[in-house]
Structure formats: structure tokens, C-alpha cells
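Chemist: Protein chains in written order, with numbering that gives the first Met the number 0: chain B, 0 to 103; chain R, 0 to 480.
I should point out that these hints are in silico values taken from the structure, not numbers from a laboratory. Ideal placement from N, C-alpha and C gives every residue a C-beta, glycine not left out. Hints may contain errors.
[Stated by the list, open to error] Some residues of chain R that are not near chain B, with every Cβ distance over 10 angstroms (derived):
1) 94
2) 188
3) 416
[What the hints assert, rightly or not] A short, non-exhaustive set of chain B residues, derived as facing chain R with CB atoms under 7 angstroms:
4) 18
5) 32
6) 34
7) 41
8) 45
9) 52
10) 75
11) 78
12) 82
13) 100
14) 101
As a plain string of letters, each chain reads:
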Amino acid sequence: MGGLQIPLEHVLLLAATLFSCGLMGLMLRRNIIFMLMSLEVMLNAAALAFVAAGARWQQADGQIIFLLILSVAAAEVAVGLGLVLQIQRRFKTLDMDQVNRLRG
Amino acid sequence: MTVADFQALSPLLVLAGGATVLMLQIAFVRSVSLTAALTVLTMALAALSCVHAAQIAPLQVTPLLQADSFALLFCVLFCIGGAATALLSQDYIRHHGDEPEEYFLLLMLSTLGACVLAYAVHVASLLLGLELLSVSLYALIAYPNKSILPLEAAAKYLVLSGAASATALFGFALLYAATGTLEFTALGQQLDNTQMGQSVLLVGAAMVFTGLGFKLSLVPFHLWTPDVYDGAPAPITGFLASVAKAAVFVALLRLFLDADLFRYRILVEITGFLAILSMLAGNLLALLQTNIKRMLAYSSIAHIGYLMIIFMACITSDNRNLASEAAAYYLVAYTATTIAAFGLLTLICAHQVERENVELHHISGLFWRQPLLGGLMLVAMLSLAGIPLTAGFVAKFYIFNAAVSGHNWVLLATLILGSGIGIYYYLRVVYYMTRRLEQHHVQPTVVVSWHAKALSCILIAGILLLGTMPQSLMAYLRSIL
Chain B
0 MGGLQIPLEH
10 VLLLAATLFS
20 CGLMGLMLRR
30 NIIFMLMSLE
40 VMLNAAALAF
50 VAAGARWQQA
60 DGQIIFLLIL
70 SVAAAEVAVG
80 LGLVLQIQRR
90 FKTLDMDQVN
100 RLRG
Chain R
0 MTVADFQALS
10 PLLVLAGGAT
20 VLMLQIAFVR
30 SVSLTAALTV
40 LTMALAALSC
50 VHAAQIAPLQ
60 VTPLLQADSF
70 ALLFCVLFCI
80 GGAATALLSQ
90 DYIRHHGDEP
100 EEYFLLLMLS
110 TLGACVLAYA
120 VHVASLLLGL
130 ELLSVSLYAL
140 IAYPNKSILP
150 LEAAAKYLVL
160 SGAASATALF
170 GFALLYAATG
180 TLEFTALGQQ
190 LDNTQMGQSV
200 LLVGAAMVFT
210 GLGFKLSLVP
220 FHLWTPDVYD
230 GAPAPITGFL
240 ASVAKAAVFV
250 ALLRLFLDAD
260 LFRYRILVEI
270 TGFLAILSML
280 AGNLLALLQT
290 NIKRMLAYSS
300 IAHIGYLMII
310 FMACITSDNR
320 NLASEAAAYY
330 LVAYTATTIA
340 AFGLLTLICA
350 HQVERENVEL
360 HHISGLFWRQ
370 PLLGGLMLVA
380 MLSLAGIPLT
390 AGFVAKFYIF
400 NAAVSGHNWV
410 LLATLILGSG
420 IGIYYYLRVV
430 YYMTRRLEQH
440 HVQPTVVVSW
450 HAKALSCILI
460 AGILLLGTMP
470 QSLMAYLRSI
480 L
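Work the whole structure out from these sequences, hints included.
Modeler: What follows is the structure, given as C-alpha cells:
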């Protein structure tokens, strides 16, 4: 294995940064599309951490989990976009604060 | 894979095969009664195949799944819970959805996810089970298309549950980076000889716990619970509160036991602290509700708090068998009771298209108008409150016992205090039900189909039997642990 080696800590730090960005976006954004995108960023940050960890141990497991997370995220977003369509049709807005009918 | 492997996995295979058959059936003939019948039949078959699979348990099938008696017991529970939900939903979904057949397909997939969680001993199977369970639940919550509340509830649940999954996964990634294995048992063995700092491991374990705690709606991760329970269709709320939570709890308990995360004293103390918060917050907030669904949502938070006592009781290793026995009994009793309580709400809501919620005054005098439904709710409420002769009493006594032998006095005091508060709001429901009605205040009679009546009788009998003759289940639990 020649070439540039990236230390595991750096990748984990990057993943943690991405994860926090996603979490911040999820909490601060009110538009449901942006919330779904932030969710995707969080899931992919976890997936990146798995790939980096797999590379450290020279195992394929990390990449397999990455593939699983990819498909799970796709399934989640598919349902999410279905909901987005319904919300747009019923409420004529994608702002979650205006959608809020349930108190609490 | 050998024949024994297939036999051990037969409940999962039956459910997955059943889901395929159901999909084909819907593609060719659209008929709600046929789909519902097939669903119930498949789940009964899956439950029966657990008995068959128990002959060769415990057997590890691939590194992913472990078919032991504990997993099979919960598979039976989840299949019965799923079948009961399917039976209860039939009338409800006919009135609330345009094309109700796919509802049963999603319910079956969700049950399959719960069963996979019960088997899971590897991060990959945990991830797949958890997501199969949650993704089908998003669609199930949003299923009734004649009112707008389910839509909002589903959007909230999707966003928060997705964030919880991502958090748990990130935690697992950190644990994997430190230990180099994804199997729970091997993970536990590697934890001690890792070169990375203890803080990374602790952060990883805490993130896993946070992610799964969100799904269990522990305080302070409980804010979604009342809204989602309120907006979701009543049968699905019952499923969410019983089967989905029990499945996540089983997976979490197995992770802690197999990987021996109890060695992180601070983590376990945090679980104990969250248990206290959940018991107090759940019970106190439930006092303020007049909407029965929201009240049950807060009561479920309190019940998960009672269950979390198990984690503190597990610290001393010789107490673990008693603690897991208590957890198993509690989950069985709690699932039966919750399905009974939400079953009644389902039957009441079944013909009201626009309204999802049931207020206290809607059930006033129910006991005199419809004794069977009143009896179902009475038994469910008494069991939730932990009154003797019901399943809830024995279950709470079990938890009490585990806490005493673990010397968790603070938790024990909170348990007693919480149960005391609980009695008030559970009995308030009973009080409303037994009120004599004035003539001008007549509620419409609920039409109940014969299978719902039969199911109500079975649930009442089951809860009372678990409460009066718990010996056989107790003996069975003791023999498998």
C-alpha cells in the first residue's frame, strides 16, 4: 500500500463534523426537504466513519455496512418524499411549523 | 446452510414468504377480508414455526442471527401482537383508507423487522431489523388518507427516528473503529484491549444508547411520542407502543448483555437516571391529559422507565438472570395490555373518519352501554396500573424483585411513587366509564364485528390468566435463561 495514508482520526473527525452539520441542519431548518437532506448527511457521516474503520482493520465489513446504510437511506428518503408530496398537496406549504396541528 | 439453519430461521422465512404471497395476492385480487385473513394466517404460522424452531435452539445461524429461546419467545409475542393488530384494524382501515390492502403488507413487514431485531447479534442485522421496522411504520402511520393528522405524525416520526438511527449507527462506527468487530460478543471481548482511548468507546456506547433511547422514547428523548401517538391511526399506535418498543428493548438488552456494556459504570448510571426521569415525567404529564391517546403515550414513557430499572439491576452479574426474566415477563404483560387498551380505542374510532382522538367524555358510561368493551378497557387500565390479579401486577412485582436484589433503592422509591401517581389517571378512565349517563348525553353505540369481540375476550382472558396463574410462564422463562 503506497501513496498517501490518511490517519483514522482525521476521517473520524471529518465524519463527526459532517454529523454535527447534519444535526444542526435538522434542528434549525423548518423546510421538510432540507430536513430530509440533513438526515441524509447524518446517515452518510455514519457510513463514512464505517468505511474508515473498515480500512483501518483491513476488513470488508465497513464497506458492506456502508452499502446497507446507502440502501436504508434510499428507502427512508423514498417514504419521506412520498410524505413531502402529500404534505405539499394538503397544506400547500413545506414549512413544518405551519403544518403543526398537534400540540406539544 | 443446513436444514437445521433453515429450521431455526423458519419464523423469519415464513413472514418473508407471507409478505411475498400477500403482495402477489394484492396484485391479482383486491379484497380486504382475504388480505386480512392471509395476514393473520401467516403470523399464526410464523408463531407455530417458533415452537418447531425451539427444538434446536440455541443455534447461531451465520454471524448475524442467533436463534435462542429468548429470541423465539419474542418472535411468538411479536407475531401474536401483529396478528391482533391486523384483526383489530380491519374495520378501522376500511373506513380510513382508500385502498386498505397494502396496509396489511406493511404490517407484516414491520412484524418481520421486529422479529429480526429479536434475533440480532450483529450490527448489520440490528440495522436491517430496525430499519425494516421503522420504514414500514412511517408508511403505516401516514396510511389513513382522509385526515391530515397522520401525515404530520408520520413526517415527525420519520425525521426523528431517522436521526436516531443515524446517531446509533455513528456510535456503532466508533465502536467498530476501536474494536474491529461488529459482532456483539466479540465486541465485548475486544473492548478491553483496544488502543484507542476509553473516551471514544464511551462516546460510541453513549451514542448507541441515545439512538435506541429515542426509539424507546426515554425522557429527554420523548418529545415526539405524544404527537406521533396522537396523530397515528389507533391500531398502529398500539403496535408502535407495544411491539416496536419491545423489539428495540430486546435488541438493546441483548447488546448490553452480550457485549457486557455494564462494565461502563457511568453509562449504566445514566440509564438509571433516565429511568427515574422517565418514570416521573411520564406519570406527571399523563395526569394533565384528557385525550386518552396522549395519556397512554405518556403512560408508555413511564412504563419504559420502569423497564429501564432492569439495566441498573443487571450491574451485578449474578443478578442478570433474574433481571432478564423480569424484563421478559414485563414485556409480555405490557404488550398484551397495550394492545388491549389501544384495541378499544381502535374499535371506538373505527367508524369516525375525521376524528383520530378519543377524549375522556367520549367513553363515559361505556361500561353500561357495551359491557364487553368496557370490560376490556377496565382490565387493560387495571393491568397498566398494576392492580393485583392482572398481568401488570405480576410484571411490576418482578421488576420490584429485581430492583430489590440489585439494591437500587432510589429507583425502587421512584417506581413506587410513579405507580401511585399512575393509579389516579388510570382509575379516572374507569371512573368515566362507569358513570351513569343523563338521557340527553347519549354517545353513539359502537358496532363491533364478531372477530373483534372474540379478540377482546381472548385479550381479557390472557391478561387475567397472566395475572392469576403466572407460574407456567415464569417456569418457562427460568428454564430458558
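Chemist: None of the hints should be skipped; say for each whether it holds.
Modeler: So, going through the hints one by one against the coordinates:
1. Chain B leaves residue 94 of chain R outside its interface by the beta-carbon criterion, the shortest separation being 19 angstroms against a cut-off of 10 angstroms.
2. Here residue 188 of chain R stays apart from chain B, with its beta-carbon at least about 15 angstroms from theirs, past the 10 angstroms limit.
3. Every CB of chain B is more than 10 angstroms from the CB of residue 416 of chain R (nearest about 24 angstroms), matching its label as outside the interface.
4. Of the supplied interface hints, the one on residue 18 of chain B holds, with its beta-carbon coming within about 6 angstroms of a beta-carbon of chain R, less than 7 angstroms.
5. Below 7 angstroms, beta-carbon pairs count as interface contacts, and residue 32 of chain B has none with chain R, the closest being about 11 angstroms; its hint is therefore violated.
6. Because the beta carbon of residue 34 of chain B sits about 5 angstroms from the nearest beta carbon in chain R, less than 7 angstroms, this interface hint is met.
7. Taking 7 angstroms as the C-beta contact cut-off toward chain R, the hint placing residue 41 of chain B at the interface holds, the least distance being around 4 angstroms.
8. A cut of 7 angstroms between beta carbons decides the hint on residue 45 of chain B: the least distance to chain R is about 4 angstroms, and the hint holds.
9. At its closest, the beta carbon of residue 52 of chain B sits 4 angstroms from a beta carbon of chain R; the interface hint therefore holds under the 7 angstroms criterion.
10. Because the beta carbon of residue 75 of chain B sits about 5 angstroms from the nearest beta carbon in chain R, less than 7 angstroms, this interface hint is met.
11. Satisfaction of the interface hint for residue 78 of chain B is found here, the shortest Cβ-Cβ separation to chain R being roughly 5 angstroms, below the 7 angstroms cut-off.
12. Restraint check, residue 82 of chain B versus chain R: the minimum CB separation of about 5 angstroms is within 7 angstroms; hint holds.
13. Of the supplied interface hints, the one on residue 100 of chain B holds, with its beta-carbon coming within about 6 angstroms of a beta-carbon of chain R, less than 7 angstroms.
14. The criterion of a C-beta within 7 angstroms of any C-beta in chain R is met by residue 101 of chain B, whose closest approach is roughly 4 angstroms, and the hint holds.
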